[in-house]
Structures are given as C-alpha cells and as structure tokens.
Amino acid sequence: METEGIHRVGIMGGTFDPVHNGHLILAEHAYEQFHLEKVLFLPNGNPPHKRAQGDERASQDARLEMVRLAIQDNPHFELDDEEIHRSGYSYTKDTLKRMSKVYKDTVFYFIIGADSLMSFDQWCEPAEICRYCVLAAAVRNQLDKVTMERQMELLRKKYHARIVLLETPDLDISSSFLRQQHAAGKSVRYYLPDTVYDYIRRSGLYQPTRNNRG
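Residue numbers (my numbering): 1051 to 1264.
Any given hint might turn out to be false.
In silico DSS-like cross-links for lysine-lysine, where the CA-CA straight-line distance does not exceed 27 Å [claimed, not checked]: (1) 1143 / 1236; (2) 1147 / 1208; (3) 1143 / 1154; (4) 1151 / 1208; (5) 1208 / 1195; (6) 1088 / 1151; (7) 1088 / 1143; (8) 1195 / 1151; (9) 1195 / 1147; (10) 1208 / 1143; (11) 1195 / 1207; (12) 1147 / 1088.
Across the chosen pairs, the derived CB separations fall in these ranges [unchecked claim]: (13) 1237 / 1129: 24 to 30 Å; (14) 1204 / 1227: 27 to 33 Å; (15) 1135 / 1210: 41 to 47 Å; (16) 1123 / 1207: 22 to 28 Å; (17) 1239 / 1109: 20 to 26 Å; (18) 1078 / 1194: 34 to 40 Å; (19) 1085 / 1219: 18 to 24 Å; (20) 1217 / 1174: 39 to 45 Å; (21) 1085 / 1150: 17 to 23 Å; (22) 1131 / 1230: 22 to 28 Å; (23) 1204 / 1257: 42 to 48 Å; (24) 1195 / 1131: 19 to 25 Å; (25) 1057 / 1258: 44 to 50 Å.
FYI, nobody ran anything at the bench for these hints, they're computed from the structure. Even glycine gets a Cβ: it sits at the ideal position worked out from N, Cα and C.
Construct all of the structure, not just a fragment, from the sequences and the given hints.
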C-alpha cells in the first residue's frame, strides 16, 4: 500500500481520559497537512499498556461521551466506538486490520506523539501495524528533530515503516495532568472544549472522593 491512495483517513487513538484541546489540535493539523478526508477518533477500550486503572479514571461510557461532545461540531471528525466495546485488551494491529477491511482503497494515517514514536518497538507486533498504516509522528520541542529522524530511520529499516512528520504547535497537555489538576480543585478550563469541561463538572468525574465510594 503506497502513501498515495484513493482515500486518506486519519486515525486518532487514545484513552481520552479526558479528551482535551491538544488532541483536537493534533487531529486538525493532520487533517490539513496530509489532505485527509476525515479523522476517526477511536477511544481505547482496555489498552494493555494501562492495565492498572484507579477509580479516578472515567468509565468507558463517560470517555465515549466526552469524545462525542468534543468533536460534534467538526464535520471531518468522526467517532468510532468499536474498540471501546471490544472484550479483552485492545491492540492497534487488530484495529487497523479490521479497518482495512471496512475502508477499501484507503491509506490510513495513524497519528502518534513523539513519545509513542520512541517507544514503538514495545508495541504489540510493530511490523504488522506498519503494514496497514502510515505513522504520522507529531514533532515536540522536548524531542529534537534529529533524534526523531534517527528513530524514524531505524523503524523504516526494521519494520519497513512509512513515517511522516506531523508539524503541530507544541502544546504540553496530558490527560493525567488534567485529572490531577481537577482532583486538586484547580481550574482545567481552556484546556478542554467547553462541552467536555461542563460534562466533567456535571458528572463529578475525577474527584478524589470517588476513591472512597463503596
């Protein structure tokens, strides 16, 4: 599968716990830079790299709803809920294999951060992932381009990976930081879409008192 196809679709995976403006900006830049038809948001159901989950995390239904609220006014963002309802652990290789059967004549651009690029060797069957997609790796100031390009070349040689750099503003926002901030009673407004911020407040998510509930 070449990087030139009949259709181009971006894939934005993650736990989205919660989804924040950094996710949306990343997806929007990928949509524009790679001339995508749309970007699919795939909330993870049970990601193997996050087996230990405390009560402070949101439920699958809550994460799904937050993504739906975050992207509802963007016509080229879509929600794919298949992975979040899958039993067992969710592996990227399985998701991409499924999607390649659903979306014919399509080149997938799988959007990842620089940290994921550097740890890609630790993913489940990296070579299988590279068969089904182009990796779109976001540049971050904390990781210089020389280091990223060296890693990209290693992955190309090892897995025949197709990798492109995704140029985006370097917004250092993490979902874990937002959960901690909110639990500490500090403001997370403006890090999140207003719809998501309101949902978190109404639902009482990420409050430390949840750990004490029976």
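message = Looking only at beta-carbon atoms, does the pair residue 1217, residue 1174 fall within the given range of 39 to 45 Å?
response = For residue 1217 and residue 1174 the Cβ distance comes to about 28 Å; the hint is violated.
Confirm or reject the claim that residue 1237 and residue 1129 have a C-beta distance inside 24 to 30 Å. holds (27 Å)
* Does residue 1088 pair with residue 1143 here, judged by a C-alpha cut-off of 27 Å? -> holds (20 Å)
Handout entry: residue 1123 paired with residue 1207, Cβ distance criterion 22 to 28 Å
Key = violated (42 Å)
Restraint status (C-alpha distance of residue 1208 to residue 1143 at most 27 Å): Within the cut-off at roughly 17 Å; holds.
- Message: What's the verdict on residue 1151 and residue 1208, does the C-alpha distance respect the 27 Å limit or exceed it?
- Response: Given pair residue 1151, residue 1208 holds - Cα atoms ~26 Å apart, limit 27 Å.
Kindly confirm whether 34 to 40 Å is satisfied by the beta carbon distance between residue 1078 and residue 1194. violated (24 Å)
Residue 1195 paired with residue 1207 [C-alpha distance capped at 27 Å]: Answer holds: residue 1195 to residue 1207 is near 18 Å, not above 27 Å.
Does the beta carbon distance between residue 1131 and residue 1230 stay inside 22 to 28 Å, or does it fall outside? For residue 1230 against residue 1131, whose Cβ atoms are near 27 Å apart, the range 22 to 28 Å holds.
What's the verdict on residue 1147 and residue 1208, does the C-alpha distance respect the 27 Å limit or exceed it?
Roughly 20 Å separates the two Cα atoms, so the pair holds.
Worksheet item: If you draw a straight line from the CA of residue 1195 to the CA of residue 1147, is it 27 Å or shorter?
Response: With Cα atoms ~30 Å apart, residue 1195 and residue 1147 exceed 27 Å; violated.
- Does the alpha-carbon distance linking residue 1208 and residue 1195 stay inside the 27 Å limit? Given that 27 Å is the threshold and the Cα spacing comes to 20 Å, the pair holds.
This entry does not satisfy hints 1, 8, 9, 15, 16, 18, 20 and 24, going by the numbered hints stated previously.
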